[in-house]
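2 protein chains.
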Amino acid sequence: MIGGSLAIRLHEKKIASNLTGVDLNPEHSRIALDMELVDEIKPLEYAISESDVIFLAIPVDQAAILLPRILDKIDNQIVIDVGSTKSEIINQVRGHPKRNRFVATHPMWGTEYSGPAAAVNTAFENKALVICDSRDSDADALAWTKAMYKKIGMHILEMDAGSHDLHAAYVSHVSHITSFALANTVLEKEKEENTIFELASSGFESTVRLAKSHAAMWVPIFRQNKENVLDVLNEHIVQLKKFKNSLEKENWDQLKELIENANKIRRILK
Amino acid sequence: MIGGSLAIRLHEKKIASNLTGVDLNPEHSRIALDMELVDEIKPLEYAISESDVIFLAIPVDQAAILLPRILDKIDNQIVIDVGSTKSEIINQVRGHPKRNRFVATHPMWGTEYSGPAAAVNTAFENKALVICDSRDSDADALAWTKAMYKKIGMHILEMDAGSHDLHAAYVSHVSHITSFALANTVLEKEKEENTIFELASSGFESTVRLAKSHAAMWVPIFRQNKENVLDVLNEHIVQLKKFKNSLEKENWDQLKELIENANKIRRILK
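Note that the protein sequences, when read in sequence, are chains A and B.
Those letters in the first sequence? Residues 2 to 271, per my numbering, in order.
Those letters in the second sequence? Residues 2 to 271, per my numbering, in order.
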């Protein structure tokens with residue numbers, strides 16, 4: 002989904018003259034060709050040797066394994082990953098002789114869907130792009146990467162990998178856990194699925210849609226970012242218990258205060 | 002917001018020849034006139050005597066107080082409420098001599114905004130409308146109400162007030178609590194508001210947008226539906242603790258199962 006969406010934008014902005022796709026899944030390869038996301042599909046080794054720039058858009062556990070192997074094979078190409086965690090992948094190539102050809106990025110955009118069929122042509126527009134530990138990348142690789150992301154409509158932030166993973170736990174990872182847990186709550190308690198389906202309001206859809214996200218993508222993210230996610234998740238349970246407590250005690254003033262404090266998010270989300 | 006959005010649709014579908022607005026807030030009255038949501042603003046007594054149909058679109062605590070007073074004053078008009086809880090308001094008019102002129106409804110549509118300026122012309126389209134305890138309403142009042150909601154694009158479900166309040170806790174009320182609590186979590190832990198603002202992804206926005214909702218509307222909903230909301234909220238905390246537990250124990254198989262179970266929501270949310 003991320004790779005395919007990026008391919009659409011790279012074509013559209015004429016950033017890539019030729020796009021070669023690599024995918025372990027033959028069905029995904031076929032769809033990527035049918036949708037003209039890529040110009041051709043090739044095995045990894047050929048794709049690496051023929052490309053100027055290599056994008057790694059796979060689950061973060063696989064990316065951390067594959068990146069050093071790609072760096073082993075490149076000459077002077079640029080390698081860019083787009084994963085949702087940054088510390089682990091950066092640690093995997095610390096000290097690698099080609100570390101400087103790698104740029105660690107995280108486009109803060111996604112949907113609850115996966116695979117090439119979910120690629121969309123409005124992806125990344127007006128969203129943030131985080132580049133981590135940029136001082137470890139060559140100036141030319143960094144400049145190309147920044148120019149490319151700007152062309153597809155993103156604004157660029159730089160931070161170290163540790164800060165990124167902490168912030169990502171807040172603004173993305175824990176949202177997914179609350180959404181998964183809310184789906185499980187409703188599925189556990191509400192046996193009349195037809196009724197949920199009929200009644201599901203836009204509010205429900207909004208808070209639960211992320212629960213459609215795939216385990217193959219999210220288990221590795223939670224695993225790599227375990228400490229930060231647990232820290233935020235613990236605080237979230239504390240906050241939920243304050244709501245529970247104010248309801249149980251019928252303390253409506255406290256409930257009002259909790260809601261009014263939450264309303265401060267209006268300053269942040271326009 | 003609900004009253005104003007309804008007004009737009011009633012005008013647009015030529016269901017109302019004249020719409021009279023009643024609002025305690027002079028600023029909201031002015032906006033409703035400026036936006037041509039209503040044709041005129043009048044005091045409640047005049048509006049009741051001059052109208053064939055009366056819509057009550059105010060917070061549910063106020064609606065439960067005002068409805069019996071309105072029924073005291075009507076002749077043969079239809080009175081329709083649009084509140085998010087149904088047991089309390091129905092209990093307040095049980096045995097009232099004009100109970101049969103009242104139709105208890107809940108359009109399953111809303112946004113996180115309030116007031117007439119938030120009215121939108123696509124409101125209610127393709128959403129569910131719940132009518133509660135319809136056997137206690139006169140046939141003509143019920144028929145008019147159903148025809149009206151169908152004209153503005155809604156599909157109609159009938160159920161008793163107790164069932165409605167239980168289902169509403171699942172598909173709407175607890176989503177708001179998780180969203181308020183998630184906003185409080187982020188505001189508590191993440192002191193760098195600019196960073197949240199910069200990074201906020203569509204996933205974050207989706208799960209947190211309901212946290213902008215007003216206390217004046219939501220405290221009365223949680224208060225009236227306390228038992229159901231607490232029941233679902235307790236289950237939600239249990240579900241979140243399963244995620245916490247699998248992270249703490251590094252039980253990645255359990256985490257995968259929890260996510261895959263949540264994915265079943267795809268059957269319900271297309």
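These are computed hints drawn from the structure, not numbers from a lab.
You may find that some hints are simply not true.
The list cannot tell twin chains apart, which means a pair is met if one copy fits it or any two copies do.
To be verified - No more than 27 Å apart at the CA atoms, straight line, and that leaves these computed lysine-lysine pairs for DSSO-like:
#	residue 1	residue 2
1	K243	K147
2	K257	K43
3	K192	K227
4	K151	K243
5	K250	K213
6	K242	K190
7	K257	K147
Computed from a prediction, not measured in an experiment: that's the story for all the values here.
These are the hints, each one checked on the structure:
1. K243 with K147: Neither: 43 Å inside a chain and 40 Å across chains, both beyond 27 Å.
2. K257 with K43: neither (59 Å within a copy, 31 Å between copies)
3. K192 with K227: between (32 Å within a copy, 21 Å between copies)
4. K151 with K243: Answer is neither: 42 Å inside a copy and 41 Å across each miss the 27 Å cutoff.
5. K250 with K213: Cα proximity of K250 and K213: across copies only (24 Å, versus 35 Å in one copy).
6. K242 with K190: both (19 Å within a copy, 16 Å between copies)
7. K257 with K147: neither (45 Å within a copy, 35 Å between copies)
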